[in-house]
Amino acid sequence: MKKSRYYLPFLLSLFMLPALNMRAADYTPANHEPLSKEAIAHMTKEEKQARLEEIKARVDEIKAMDKSTLTKEDRKALRKELKSMHREARYVTGVFISAGALIIIILLLIIII
1 MKKSRYYLPF LLSLFMLPAL NMRAADYTPA NHEPLSKEAI AHMTKEEKQA RLEEIKARVD
61 EIKAMDKSTL TKEDRKALRK ELKSMHREAR YVTGVFISAG ALIIIILLLI III
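If you're matching positions, the sequence shown starts at 1 in this note's numbering and goes up one per residue.
Hint data in this document are derived by calculation from the structure and do not stem from the laboratory.
Cβ coordinates follow ideal geometry from the N, Cα and C atoms, glycine included.
Any given hint could turn out to be false.
To be verified - When the alpha-carbon atoms are kept at most 25 Å apart in a straight line, the in silico SDA-like pairs for lysine to any residue are as follows: (1) Lys72 - Leu82; (2) Lys83 - Pro9; (3) Lys63 - His42; (4) Lys56 - Gly100; (5) Lys48 - Asp66; (6) Lys80 - Ser98.
Unchecked claim - Using C-beta positions, here's what the derived DEER-type ranges look like: (7) Arg5 - Glu53: 57 to 63 Å; (8) Met43 - Phe96: 14 to 20 Å; (9) Ala50 - Leu108: 25 to 31 Å; (10) Tyr7 - Glu53: 52 to 58 Å; (11) His42 - Phe96: 34 to 40 Å; (12) Glu53 - Pro9: 47 to 53 Å.
The whole structure should be built from the sequences, with the hints applied where relevant.
Shown next, in the form of structure tokens:
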């Protein structure tokens with residue numbers, strides 16, 4: 001008798017899991033898979049430029065969206081997608097050293113040597 005009391009919640013949870021997974025699939029960013037540093041390093045200039053254009057187009061699409069109708073989870077997913085695209089764009093464009101930073105590095109090298 002006591003064991004049968006636990007079967008009903010267990011069975012209900014088994015029936016609910018697929019529904020929850022299907023709902024979670026709706027919140028994934030649309031066709032966006034962030035690339036790793038290694039994948040970006042092996043890309044040609046044309047591929048990098050094309051990827052940057054894709055990122056810019058997606059950012060423009062997100063900016064044009066009416067975000068007032070989105071749920072909290074949707075807005076969170078968009079923020080996460082934008083952060084990953086920003087990180088990926090930094091990997092694609094590379095690292096730039098400003099003139100001031102270059103002067104400071106040279107001065108430090110002169111002082112050390």
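Output the numbers, in ascending order, of every earlier hint that fails for this structure.
Hints 2, 3, 4, 5, 6, 9 and 11 contradicted; others consistent.
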